[in-house]
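Sequences listed follow chains A and B, in order. Using the numbering used here, read the first sequence as starting at 1 and increasing by one per residue. Using the numbering used here, read the second sequence as starting at 1 and increasing by one per residue.
Just so you know, not all the hints are guaranteed correct.
Only pairs whose alpha carbons sit at most 30 Å apart, straight line, appear in this in silico DSBU-like list of lysine-lysine [stated by the list, open to error]: (1) K509(A) with K536(A); (2) K415(A) with K325(A); (3) K83(B) with K415(A); (4) K453(A) with K510(A); (5) K72(A) with K434(A); (6) K510(A) with K536(A); (7) K83(B) with K60(B); (8) K434(A) with K83(B); (9) K205(B) with K72(A); (10) K85(A) with K783(A); (11) K72(A) with K694(A); (12) K45(B) with K54(A); (13) K83(B) with K509(A); (14) K415(A) with K453(A); (15) K45(B) with K60(B); (16) K205(B) with K415(A); (17) K205(B) with K434(A); (18) K72(A) with K85(A); (19) K85(A) with K132(A); (20) K205(B) with K60(B); (21) K510(A) with K434(A); (22) K262(B) with K322(B); (23) K83(B) with K262(B); (24) K132(A) with K262(B); (25) K434(A) with K453(A); (26) K415(A) with K510(A); (27) K83(B) with K49(B); (28) K434(A) with K509(A); (29) K322(B) with K60(B); (30) K54(A) with K72(A); (31) K434(A) with K198(B); (32) K54(A) with K262(B); (33) K415(A) with K198(B); (34) K72(A) with K83(B); (35) K453(A) with K198(B); (36) K85(A) with K205(B); (37) K85(A) with K54(A); (38) K509(A) with K453(A); (39) K322(B) with K205(B); (40) K415(A) with K72(A).
If you're looking for bench data, these hints aren't it; they were derived computationally from the structure.
What follows is the residue order along each chain.
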Amino acid sequence: MATIHVDGNDYEVEDSDNLLHACLSLGLDVPYFCWHPAMGSVGACRQCAVKQYKDADDTRGMLVMSCMAPVKDDAYISIDDEEAKAFRETVIEWLMVNHPHDCPVCEEGGHCHLQDMTVMTGHDRRRYRFRKRTHRNQDLGPFIAHEMNRCITCYRCTRFYQDYAGGEDLGAFGAHDNVYFGRYQDGTLESEFSGNLTEVCPTGVFTDQTHSQQYTRKWDLQFAPSVCHQCATGCNISPGERYGDIRRIENRYHGDVNGYFLCDRGRFGYGYVNRKDRPTRPESHQRVMESRQRLADGRPPVESATLLEVDEALDRAADGLRGAKRIIGIGSPRASLESNHRLRELVGAANFSTGIEAGELARIRRMEALNRETGLATPSLREIEHCDAILVLGEDLIQSAARIGLSVRQAVRGKGAELGAARGIPGWNAEAIKTIAQDAGHPLFLATPDATKLDGIAAHAERAAPDDIARLGFAVAHALDPTAPAVEGLDDTAARLVERIADALLTAKKPLVIAGDSLGSMAILEAAGNVARALKRRQKDDAGLTLVRREANSVGLGLLGGESLDWALENLANGEADGAVILENDLYARLPAARVDSALSRASAVVVVDHQRTPTWERADIGLPAGTFAESDGTLVSLEGRAQRFYQVFDPGYMRPETRIRESWRWLHALHATIERRAVETVLLDDLSEAVSKDAPAFAPLHQDTPAALFRIHGLKLAREPHRYSGRTAMRANIDVNEPRAPIDLDTPFAFSMEGYAGFREPRRDVAFAWAPGWNSPQAWNKFQDEVGGHLRAGDPGVRLFPAPSVAGGYCDEIPEAFTPRDGEWQVIDLPQLFGGDEMSRRAAPIQARMSAPWVALNETDAAALGVDDDDPVAITLDGETFSLPARRRPGLPRGVAGLPSGLLGDVARALTPGAIRWGRLMRDDSAREDRP
Amino acid sequence: MSRILQPASERHAETHPLTWRLHDDESPVLYDEYRATQGYDAVIKALEKFTPESLTDEVKAANLRGRGGAGFSAGMKWSLTMKGEGVPRGYIVCNADEMEPGTFKDRLLMEQQPHLLIEGMILAGYANRARQGYIFLRGEYHLAAASIQCALREARANGWLGPDVGGSGYDFDIALHTGAGRYICGEETALINSLEGKRANPRAKPPFPGQSGAWGLPTVVNNVETLCNVPGIINHGVDWFQGFSGGQSTDGGSKLYGVSGKVKQPGLWELPMGTTGREILERAGGMRDGLTLKSWLPGGGSTGFLLPEHLELALDFDTIGKAGSRMGTGLLTVVADNQSMVSLTRNLEEFFARESCGWCTPCRDGLPWSVKLLRALEAGEGESGDIELLEQMARDLGPGKTFCAHAPGAAMPLASAIHYFRDEFERGITRPRGEAHADPIPVGSV
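Chain A with its partners taken away, still in its complex shape:
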């Protein structure tokens, strides 16, 4: 620690920081642009100048850039010094030389760091009277709008895009006052993290194009603290709503999980909330007598849908279910714990299915056991960034859990800070660290079937079939600890690789093993478990084990318990049960259509609660329109075992009074009471959460830190809307001139209003939107943190449910045989896809614009043997179904393995089980070839 004297006050600060970091962490306002808490200092913008004095007696002092000045003990500095203030104002005046006066039509306006800093420095008169420099803008694809004239050349975009996120197609061009940030030519940005440009850019050069089409100022949006539902990572988000639609997703800072950055699926995949074809009223679907015949004919099963009122829908659903001899409840890993729990209460634990396919459910359970029993903890994303050797088995992280991939990248880059420290270069001196690091990185070993975007920074990227990936893992475990079972028949190259990996993991202070479910291989999970156990036995107590699950609440469902979807369908198909309540789950996306059809068609009553018009919804007798994450509250458990609450953003009935959308748990609660002919009593979220936490020991810590609905600050609820929120009294005037009372939120401490606490001084963990006086941009998060870039002062949201790791069980010795290609058959695996791999976000138009048409990936030699080139049609026979896809030759893919893009097959092959490994036949599709022009 060091003492610094700032304008006459003494402060204790970290001596490893720079002055800007220290001052901002103290809550002192110093304007800045190029510095970013996650990206360090480069000294380019010259905005953060302060006066530094030699000692207490020095009265002249000299200007220093606080971002580049290390904290020194007993340093005297002044932020208020007149020369420093004048210089900072001049810097803004320079930046404004070419910046257009377009704030009123600029989409950054209202959350613009440049606006904030301009006001902060006091610059308000422009003396520049000459013509401004202009640029041409580029089409950067469906996510990002480009307006280069607004650029103030802080270099943050390229530093994030290239250095932090590893992108290669956005750079700085030109020189002097004609520096241009863009691509070498128009085209979609290739990075999976491009959306962060909208937040790292301090002004309106890179803005959210999905927001543009439905633009609303930040101050006119209604926000709530939410959690991304598009994968299992658990990134925190702030969705913003107006007029009943989600308008944009902003990053919600979480010190342990996502920090400042999201992936593009999470940021731009919200469109399913706004789909016009969503069910908004309860529906009754009449099944006609010949429905089975219609199904056999391939005609849609539903004759007609009738819209119902809430009470009638509940009565009819209850009537149908009461007539059933046994009701099966099918839950969902994309629904909240509360909703799943309500469903289980409704049908009884013996009749509850998780809605997850049996194989995947077994793997989810196994992953949970490994997290508990191998003795290694699951690191948070922040902890991943400090790991110094990483082995990834099977996961293409950028596709399956992109935000984790970004953290792995930072772990590799961490070597630079280590090298810098050895030469006395502080970690925040970003360009100097980059120079000293050159290509050096902490070792990352990847073993995947196909090339990944992390290959470029890997010490080694191994291409192998799932069983061989598992064997590699088993062998590494054995190399670490000879008591772990050995792998027979490894060749010399593989043996050397195994030694190299084991050495790297052993030498590291914080090694990390990552595996997951995207290849659907239990063997890979077991191998990762063995490596973890071996590391633990070698006293690598700081080592970590990260196991990637597929969906937002896969972990929660695993902990909650319940049978597989296969079990549920079987019970329906064999007549053991004849009533079904299906929660937020499209069964057709999980098991072959024929199996789902035969199960549902035998049920006498099918009630579906969902927010999307899925094939399963269409099969419902009664469909109850559920809220999405934006219209409900609930809890998800992320892959690191972090239970996090997401809060309702808006009441869909306020702007659209005709809708009858309710939280799933509210529907299920009401349905339960109606079936039992009880009055439907008010149910509160806190009661549900409490019921969940009492349900199983694993859930005991749930919500111990989450504010109850009665939480108040200064007697106030928390505001969902910024205090400048405009138009409240008029926004519904086209529907009714009588302004209704604002919706009342009984479930949470948040109010659907700008009235309420929105400040930063009183500690709170759940922040709807970041705002502080003078800080309108995402940089306002500084004000909520214990130190800039650190943790929220009140603690980061969520609670970890995994118990402290302990060691139980032993090594797995079921080592698979080495993979051998078969004659005429291919092992067909799923290749995870960031864009399209998630059932919900692929319903959003911007994500669809980034999805490719389906294809089949083949080894080059295999393709040659089949006589196919890129884009030639290949006939695939799999699970008794034959379909045709264009070939994609992949040099790295092992021979005998074919890859299908997860989630992109759509209607091409509806019968497949996602995530499973299976064998199929491939041949050149000559019929399709002849059809081609």
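We have chain A already, so just place chain B on it with the hints.
Just chain B now, kept in the frame of chain A:
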């Protein structure tokens, strides 16, 4: 113009260590002649008699100051370079990106006597335990490039470069890298970035190149003329080097001085450090007929204007610094009485604005603004307050406020021109601030 104007008969080994071998016909000195005239003797002597440390001490004791313009002690720079156990061997980089306006001295040395530079680099490489040398050459210097390439081949063929320099077991080689024409590449860290294939933006210091330079390894960057002085120091000793100026300067050694502008005979002369501007101007034959001297730049576009009365000062780093300018490269640019200081300053600032790398705000956005103000003054479109604005800008572009020395260099002629010739600037002001202009102000390419 890159000619030595002293005839060969006047140049001798001990009095003109940089130029004594040069031919009057300007043909390059090739290997055989160079070797026959004490060439590479210094390398032999250094490898036999000096350790890297003692060689560094020798250059430090000689007080050889950087001839690129900054005047930093070369020996000091070498002694601050990380070396020793556990430190990887780094690079010696010759800054041959001679782009300072009005400067053409390194070109002479490289075109006509490339072996002297190579010899200097071998010595610097040995002193700094470098494993490789790079000559970062200004792209337009194609004659120098050919000359250096030829000399590198000759030196390699004769064992002065390669795995076993001069039979000593010391391994060192040199590669030539030609630049793509950016003034900022003369800034040593921007040069290193450019050498690495990156954007030519300067780097933050610390860390200095000696700590973490090219590709993160310890790197010494020295100017051509600086390196060419090293063989003489090794051959003749510290006292000889120190005694060069005969007491007229505390800086040691000889200096390639030159003149450009409206003089009778522009060119180069090798003279003792501390020669006065007056003597150099006289060697150039004085001003052309009918012209008188109004002002002069002592050493390139990034130095401050001086008046005729300053011609009596010794041209060395400290004396000129005290007069409010910088010696810079020591090549004088003279301004005649019929030249407009506003136009001249505008021309210089256009150059600096164009050559800004665009990294830091004051330089990137301040310099083009100053150009537009100067253009307005030049066209008689100035407004009251413009001069004060230019003066403020010159202050705000000063040392410490910008990322590197580019903008402070650009501010020097601007501030000094206004300081000495304010009336010329005032003549460009025709209207009060804020009054509308009848015609739009012409906008150039900056």
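So, going through the hints one by one against the coordinates:
Under the criterion of a C-alpha separation no larger than 30 Å, the hint pairing K509(A) with K536(A) is consistent with the structure, at around 12 Å. Among the hinted pairs, K415(A) with K325(A) is inconsistent with the structure: their alpha-carbon atoms are about 63 Å apart, more than 30 Å. For the given pair, K83(B) sits about 22 Å from K415(A) by alpha-carbon distance, which is consistent with the 30 Å threshold. In summary, the hint linking K453(A) to K510(A) is supported, as the alpha carbons are separated by about 23 Å, within the 30 Å threshold.
Distance restraint check for K72(A) and K434(A): the Cα-Cα separation of roughly 24 Å lies within the 30 Å cut-off, and the hinted pair is therefore satisfied. Of the supplied pair hints, the one linking K510(A) and K536(A) holds, its CA atoms being roughly 12 Å apart against a limit of 30 Å. Restraint check for K83(B) and K60(B): satisfied, since their Cα atoms lie roughly 17 Å apart, inside the 30 Å limit. Simply put, K434(A) and K83(B) have alpha-carbon atoms about 21 Å apart, close enough for the 30 Å limit, and the pair holds.
Only pairs whose Cα atoms come within 30 Å are accepted, and K205(B) paired with K72(A) is accepted, the gap being roughly 17 Å. Taking the CA atoms of K85(A) and K783(A), the gap is about 22 Å. The hint holds against a cut of 30 Å. A C-alpha spacing of about 52 Å is found between K72(A) and K694(A), which places the hinted pair above 30 Å, so the restraint is violated. At most 30 Å may separate the alpha-carbon atoms for a hinted pair to count; K45(B) and K54(A) exceed this at roughly 46 Å.
Of the pairs offered as hints, the one joining K83(B) and K509(A) holds, with about 29 Å between alpha carbons and a cut-off of 30 Å not exceeded. Restraint check: the Cα-Cα separation between K415(A) and K453(A) comes to about 19 Å, which is no more than 30 Å; the hinted pair holds. Taking the CA atoms of K45(B) and K60(B), the gap is about 18 Å. The hint holds against a cut of 30 Å. Among the hinted pairs, K205(B) with K415(A) is consistent with the structure: their alpha-carbon atoms are about 21 Å apart, no more than 30 Å.
About 14 Å separates the Cα atoms of K205(B) and K434(A), which keeps this hinted pair within 30 Å; it holds. Taken as a hint, the K72(A) and K85(A) pair is honoured in the structure, with Cα atoms around 22 Å apart against an allowance of 30 Å. Simply put, K85(A) and K132(A) have alpha-carbon atoms about 26 Å apart, close enough for the 30 Å limit, and the pair holds. Taken as a hint, the K205(B) and K60(B) pair is honoured in the structure, with Cα atoms around 22 Å apart against an allowance of 30 Å.
The hinted pair formed by K510(A) and K434(A) meets the criterion: a straight-line CA distance of about 22 Å does not exceed 30 Å. Distance hint between K262(B) and K322(B) is fulfilled; the C-alpha atoms sit about 27 Å from each other, no more than 30 Å. Between K83(B) and K262(B) the CA atoms are separated by roughly 48 Å; this puts the pair beyond 30 Å, and the hint is violated. With a C-alpha separation of about 37 Å, the suggested pairing of K132(A) with K262(B) is violated against the 30 Å cut-off.
As the CA atoms of K434(A) and K453(A) are separated by approximately 20 Å, the hinted pair is consistent with the 30 Å bound. Taking the CA atoms of K415(A) and K510(A), the gap is about 13 Å. The hint holds against a cut of 30 Å. Note on K83(B) and K49(B): the hinted pairing holds, with a Cα-Cα distance of about 20 Å set against a maximum of 30 Å. Our distance criterion of 30 Å between C-alpha atoms is met by K434(A) and K509(A), whose separation comes to about 22 Å.
A threshold of 30 Å between alpha carbons decides the hint, and for K322(B) with K60(B) the separation of about 23 Å falls inside it, so the pair holds. For a cut-off of 30 Å, the pair hint linking K54(A) to K72(A) stands: about 11 Å separates their Cα positions. Distance restraint check for K434(A) and K198(B): the Cα-Cα separation of roughly 12 Å lies within the 30 Å cut-off, and the hinted pair is therefore satisfied. For the given pair, K54(A) sits about 47 Å from K262(B) by alpha-carbon distance, which is inconsistent with the 30 Å threshold.
Taking the CA atoms of K415(A) and K198(B), the gap is about 21 Å. The hint holds against a cut of 30 Å. The hinted pair formed by K72(A) and K83(B) meets the criterion: a straight-line CA distance of about 27 Å does not exceed 30 Å. Between K453(A) and K198(B) the alpha-carbon distance is near 23 Å, which keeps this suggested pair within the 30 Å criterion. Taking the CA atoms of K85(A) and K205(B), the gap is near 24 Å; set against the 30 Å cutoff, the hint holds.
A distance of roughly 19 Å separates the Cα atoms of K85(A) and K54(A); the hinted pair therefore holds under the 30 Å criterion. Under the criterion of a C-alpha separation no larger than 30 Å, the hint pairing K509(A) with K453(A) is consistent with the structure, at around 26 Å. Note on K322(B) and K205(B): the hinted pairing holds, with a Cα-Cα distance of about 26 Å set against a maximum of 30 Å. With a C-alpha separation of about 25 Å, the suggested pair K415(A) and K72(A) falls inside the 30 Å cut-off, and the hint holds.
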